[in-house]
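*Asks:* Sequence lines, in order, name chains U and W.
Each residue of the first sequence is one higher than the one before, counting from 1 in the numbering used here.
Each residue of the second sequence is one higher than the one before, counting from 1 in the numbering used here.
Simulated crosslink set (DSBU-like; lysine-lysine; CA at most 35 Å straight-line):
| hint | chain 1 | residue 1 | chain 2 | residue 2 |
| --- | --- | --- | --- | --- |
| 1 | W | K24 | W | K252 |
| 2 | W | K119 | U | K18 |
| 3 | W | K81 | W | K147 |
| 4 | W | K119 | U | K43 |
| 5 | U | K13 | W | K148 |
| 6 | W | K116 | U | K4 |
| 7 | W | K252 | U | K13 |
| 8 | U | K13 | W | K147 |
| 9 | W | K245 | W | K100 |
| 10 | W | K295 | W | K33 |
Keep in mind that the hints were calculated from the coordinates and are not lab data.
Computed from a predicted model, the values in this text were never measured in an experiment.
Listed below are the residues making up each chain.
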Amino acid sequence: MSAKVRIPTPLMKLTDNKNEVSAEGDNIAAILNNLESQFPGIKERICEENGTPRRFINIYLNEEDIRFLEAENTAVKDGDEISIIPAIAGGVA
Amino acid sequence: MNVSIPEEVQTPTCPLITDEGVLKKIGNTPLLKMQHVGRNYPDVEIYAKAEWRNAGGSVKSRPALQMILDGEISGQLTKDKTILDSTSGNTGIAYALIGKLKGYKVKLVMAANVCKERKGLMADFYGAEIVQSSPFEGSDGAIRLAKKIYNENPDQYFMPDQYNNDSNWKAHYNTTACEIWEQTNGRITHFAAGIGTGGTIMGNTRRLREFNKNILCYALEPAEELHGIEGLKHMDSSIVPGIYKEDELDGKISVATEDAYAMVETLEQEEGILVGQSSAGAMVGALELASRIKKGVIVTIFPDSCDRCYVNFGKYKEYAETHGHKIPKADT
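Input sequences plus hints: build the corresponding full structure.
*Replies:* Printed below as a string of C-alpha cells:
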C-alpha cells in the first residue's frame, strides 16, 4: 500500500525539503517504519521509543485522528492521506 | 507530601500604565519562591514571576499594551484601523482584550492547531476575528499570512508586528525587570526566560544589567525543532525575530518537551501551582541552571497558567478523548 504523507515544516529538513512524501505500509506503524528507512531520524521525532506517537504529535488518517481509530495499528489503504501535525504551534513568549 | 502556599512577594509600587480600569491590572505581578522543586540545590533560590496575574492572563499583556499605546502615540493606530498581527495565542488574547476595552477591531492570524481554549477566548469572549494559517507551518506560517493580509490593504490595518517591534522588549525593560529587581531586593544573580518573540528575554536582560552588570541571562528554547511547548520558538529552525539578539545573552538552555510536560505535574503536586507548559519549561530550564551554578538567586518567568493549554494535570489523554479530533483547517 502506498500512502501520501504530509510533513510539517520543522521536519522538512529530513525529507529533502518536501512537504509531501510517499510511504509504503499496511498500517500506520509500518508507514512510520518505512518513513524512517527513507528519511533516517524522522521516526524518533514523531514517536516514543515504544513506537506510539509522542503526546504533542497528532497523526491524521484522511482527517481523522488515529487516536480515535486504532492508533498505530490503524489500517492504511492505497491512496490514503496521512498528516503529521504538532498538537500546538510554536510561537510567542 | 506537604504542599505549602507559594510565597508571594508584592512590589511596593504599582506601575500605572493607562487609565482604563482593567488595563491597570497589567504588570506588578507576584514573584513566587519555589519551595520544593529546587531541593537538590539548597544554596540556590529560585523564583518565578506569576504572569498569569496580568489582565489578559499572560505575560503577553505587557508588550501588547505597550505596542498599542506606542501605536496611538505615534499616530499609526487610529480608531478607523483594525489591529492585525500573528500570534500563537497569548498575545492575541491580550490584543483582543485591550482592543475591546479601547474600541478597536482586532484580527488575529494563527496556525489552525493553536489550542481551542485560546481561540475560544479570543473569538467568543473578546470578539476578535481569527484567521487560521496552515497547521503544518506553525507560527512562521502565521507570520507570513499576516504580512500578506497587511500588504493587500495596508491602510486598513495597524500591524504591531510583535517580532520586530521595539515596544515589545521595552515593555519588559520598563516594567518586568524593575519589578524583579525590587522584589528580590537586588539579590538576583541569574535570569532565564523562554524565547518566542524574544521580547521577554531581551527587555529583562537589558534592564537587569543596568541594575547590576554581573547578572547572567539565559534564553530557554525547545530542544527540538518539532516540539510541544506552546509559545516557544526553536530559533535555529524558525524565522528569527528582529528584536532577538542572541549575542547579548550569556547562553541558551534547551528544554525537552516531555520534561516540560512532566514539570506541569510536578509544580502542581509540589508547589501547588497550576501552570502552562511554557511555564513548566521555564522551570525545567531554571533547574538546569541551578544544577550548573550551585549557588545564587535565579528568577524566571511563568508566562501563563494552566487554563489555556491542553496539558492540565497530566490529563492529556482525557482531554484528547473528550475533544474534537478532525484535522485543523486553515482559512486560506
